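> The primary structure of each chain is shown beneath.
2 protein chains.
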Amino acid sequence: MFSDMKIRDNKFVYIQLKDYIKSMILKGLLRADEKLPSSREMASMLNISRNTVMYAYEFLQDEGFVYIKRGKGTFVSDVKVNTQGKWNIDWEDEINEYGRLSEKLDIIKHETKWKSGMISFKSIAPDENLFNIEEFKKSFLNRMSIEGKKILNYGYAQGYKFLIEYLLKYMENKGVNTSGKDIIITNGFTEGFDLVLSCLTNRGDNILCENPTHNTAIKIMKLHGLNIKGVQIGKEGVDLNELKEKLKEGKFKISYFIPSYHNPTGIVMSPENRAKLYNILKGYNIPIIEDGFNEELRYSGAHVLPIAAIAGKGNSVIYVGSFSKVLFPGIRIGWILSDKVLTGYLESVKRARNIHTSSLDQAIFYDYLQSGDFNKYIKKARRIYREKYEFALKCAKNYIPNREILGEGGMHIFIKLKDINSRQLLEKCCERNVIFTPGDIFYVDDKGQDTLRLGFSRVSREDIKKGFSIIGEEAKKLGGI
Amino acid sequence: MFSDMKIRDNKFVYIQLKDYIKSMILKGLLRADEKLPSSREMASMLNISRNTVMYAYEFLQDEGFVYIKRGKGTFVSDVKVNTQGKWNIDWEDEINEYGRLSEKLDIIKHETKWKSGMISFKSIAPDENLFNIEEFKKSFLNRMSIEGKKILNYGYAQGYKFLIEYLLKYMENKGVNTSGKDIIITNGFTEGFDLVLSCLTNRGDNILCENPTHNTAIKIMKLHGLNIKGVQIGKEGVDLNELKEKLKEGKFKISYFIPSYHNPTGIVMSPENRAKLYNILKGYNIPIIEDGFNEELRYSGAHVLPIAAIAGKGNSVIYVGSFSKVLFPGIRIGWILSDKVLTGYLESVKRARNIHTSSLDQAIFYDYLQSGDFNKYIKKARRIYREKYEFALKCAKNYIPNREILGEGGMHIFIKLKDINSRQLLEKCCERNVIFTPGDIFYVDDKGQDTLRLGFSRVSREDIKKGFSIIGEEAKKLGGI
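Protein chains in written order, with UniProt numbering: chain A, 1 to 481; chain B, 1 to 481.
Source of the hints: derived by calculation from the structure; they are not laboratory data. Honestly, I wouldn't trust all of these hints.
Which copy? The list can't say, so a pair holds if one copy fits it or any two copies do.
Said to hold, decoys possible - Derived DSSO-like pairs (lysine-lysine); straight-line CA-CA distance at most 30 Å: (1) K379 x K150; (2) K161 x K11; (3) K282 x K86; (4) K313 x K11.
Just so you know, these numbers come straight off a predicted model, no measurement behind them.
Go ahead and model the full structure; you've got the sequences and the hints to work with.
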């Protein structure tokens with residue numbers, strides 16, 4: 001019986017033996033009060049050391065699976081493995097409306113999946129080959145040596161103090177007046193946006209945003225039961241005339257904008273329009289949630305203040321920032337800069353949701369930021385993504401016919417094909433192992449059927465060229481060109 | 001003007017210079033098209049190298065704060081710093097009911113705060129001095145060298161594959177039949193419990209639990225608008241007769257229990273009662289959320305199966321586990337084991353909330369668990385907390401009069417004082433620099449005014465003795481003994 005045990009190389013043998021005996025007890029193959037082989041017998045049977053067996057028996061005793069009778073040996077405890085009659089619940093029936101809607105709006109579950117060998121333009125995640133792992137390790141080891149034990153125990157809901165201080169300075173460096181404001185650290189933009197809506201909105205409230213807009217934001221707004229009113233976006237950002245019209249339609253609780261390298265269009269709202277937008281919303285007293293999306297990636301040219309900076313001493317802008325768009329999204333660090341009173345409430349909601357964001361991750365990020373490694377990284381990343389953007393733009397112009405290309409940068413290109421349904425195009429391209437994101441998922445109405453987003457950050461130049469030319473060929477066929 | 005800049009030692013000088021010039025531009029102290037000193041002049045003014053200045057200027061150019069005219073020098077860009085008229089929102093008025101309730105139920109904000117020099121029995125966090133930082137570092141470096149770049153980019157909502165596989169085995173080792181079930185990784189128990197309620201319950205639903213129970217769970221149940229029906233807990237766990245009575249009172253959507261070292265009482269539900277509880281709830285078809293709280297800490301004695309194991313092949317138990325109670329709570333790793341269909345919905349809700357739990361933290365934890373370091377740690381931790389528990393129990397018996405002590409282990413002692421109000425007692429003790437958690441916060445009704453929880457995990461033996469004797473003295477005065 002025991003000799004059936006297969007010892008594997010990659011795990012401590014005492015753990016393997018312990019787990020093996022445990023599983024036999026749990027399966028009822030070893031009965032209560034049955035005597036186990038002596039450590040000597042077991043050791044010789046398995047060809048392992050006697051110490052290993054004794055160590056395994058000691059753990060089993062600790063965990064209550066065996067007991068030792070002095071001078072008599074080791075015996076199986078009565079662990080009462082009798083399970084009760086099968087009781088099954090049809091969980092499909094138990095899910096509430098929120099759960100169902102979450103699943104329905106879960107794009108990852110319902111969109112075309114990547115398969116090996118495909119060229120995928122779906123992702124707008126940063127290229128991990130640009131990450132400098134050595135610098136990241138250095139930051140980890142540095143924080144560990146300074147305050148490792150502290151970081152590994154519970155922290156504060158608002159976040160890791162040094163990171164908050166750093167980010168306050170960082171926002172001041174963007175021109176934001178931080179007096180009367182504070183920062184809370186979140187698990188990325190997604191949590192930040194969800195916390196803000198959780199704290200401020202009620203089902204049925206109206207919310208104003210660009211159309212198209214970030215699909216995760218659309219999902220979260222829908223999950224909060226909000227009425228989403230989208231305003232068309234043009235080359236200078238949101239259409240201010242349409243905005244004024246929309247504002248007459250009803251009372252708005254809040255608004256949401258992505259002024260820099262807007263997702264999905266890549267449009268940068270001009271400084272003039274930022275100020276105008278601010279003043280229009282001021283007139284109606286509608287607070288602004290500003291999504292700092294890709295702001296870190298902005299290439300040279302004129303510096304553009306975030307809307308939060310235009311607000312000066314005013315407290316009407318809630319800025320949600322995240323580094324995940326450019327660096328280490330796997331560690332999930334974002335932040336909300338807002339009025340102190342609001343931050344206090346956000347802190348309580350955050351604590352009720354998950355206590356706090358990993359202190360380890362916050363501490364490493366802080367170290368990485370303040371060491372200057374981030375500055376070096378962002379300089380490199382900006383240059384590389386800029387070059388890649390220009391290359392992708394050229395390919396798009398060369399290969400994809402009959403199109404309008406919006407935006408001026410970022411990690412993706414947004415194309416209007418005109419008269420071609422992008423889901424039909426996707427189906428055709430998919431047959432040729434090329435996939436992308438159909439643009440309709442970014443629209444808050446039923447529009448955008450003729451648009452697509454092409455993320456290129458993790459695709460090689462060779463594949464960009466190849467993939468775009470396939471998209472172009474299939475578009476030509478569909479468009480009858 | 002530039003010579004006012006103070007150069008600090010702990011930061012790269014080019015970053016300091018860049019930030020200094022940036023802030024002068026943002027403050028309007030440097031005007032558009034103004035010429036900056038040449039790199040040579042600036043270097044000599046600040047007594048730094050010319051390269052440093054050139055590097056800072058290069059960054060400023062990248063970020064759009066300056067422009068360079070060939071052969072003429074470096075000039076300030078027009079960054080349009082004009083902020084708009086002040087617009088303030090009274091955020092206090094904007095917070096919704098959920099935000100307000102979160103704040104109101106936020107114990108951290110409203111309970112007595114620790115001050116330097118106090119002996120605090122409030123925490124039941126693990127003692128970080130038991131953490132082995134070297135082994136943790138080893139796990140980090142190991143994962144980094146194997147798949148560092150991958151871990152730092154986006155991961156999956158369900159969690160890090162290797163950790164999920166490990167935990168499925170881990171649950172099987174507890175006697176749980178995992179067929180037809182799956183695991184999702186969460187940011188600790190708090191998020192796990194919140195996700196489950198988010199997915200299954202509607203406002204106004206009835207939920208059944210022990211009374212008293214985990215105060216964070218009470219908060220989350222209240223935030224979900226549930227009607228909480230508490231069943232008294234005795235030495236063998238929840239009172240089954242009272243449970244049967246309660247079940248007649250209405251329809252229950254779900255139930256929540258902490259069978260091992262129950263928080264706050266420290267009671268372990270007997271194997272017989274676990275089976276009985278399971279069968280009673282089966283009769284009414286009320287699913288069970290089992291809180292694995294402190295199960296990892298269970299000291300020797302008979303092994304007790306979790307309720308999830310009693311269910312055998314049945315899918316009616318949702319097990320929410322967390323290592324945060326014993327190890328590295330700062331990195332926030334928990335998990336939910338449940339029916340596969342339910343896991344699918346939980347995954348979509350998790351994705352909508354924060355995309356996924358830090359892949360870095362999951363990967364380190366996985367490495368730490370599978371290396372055997374966790375086994376070694378838990379053996380040590382069990383012994384140390386057991387000894388400490390026994391010491392604290394002895395002190396409580398010696399010093400605190402007129403009391404009933406519940407439970408049999410864990411990191412805290414729960415005391416019923418009888419006829420003494422624990423908040424009055426806290427006030428008196430606080431004057432003598434001793435604080436603890438008044439027990440009423442764990443009750444779902446208005447009971448427990450005469451109870452208190454004493455967490456000892458992070459308190460030295462000397463302070464346990466001293467603190468308990470002060471509590472005893474003050475209790476005697478209040479009780480007139």
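> State for each hint whether it applies.
Evaluated hints:
1. K379 x K150: Between copies only: 22 Å across chains, 33 Å inside a chain, cut-off 30 Å.
2. K161 x K11: For K161 and K11, the Cα distance is within 30 Å only across copies (18 Å; inside one copy 39 Å).
3. K282 x K86: Intra 61 Å, inter 9 Å, cutoff 30 Å: inter-copy only.
4. K313 x K11: Between copies only: 29 Å across, 59 Å inside.
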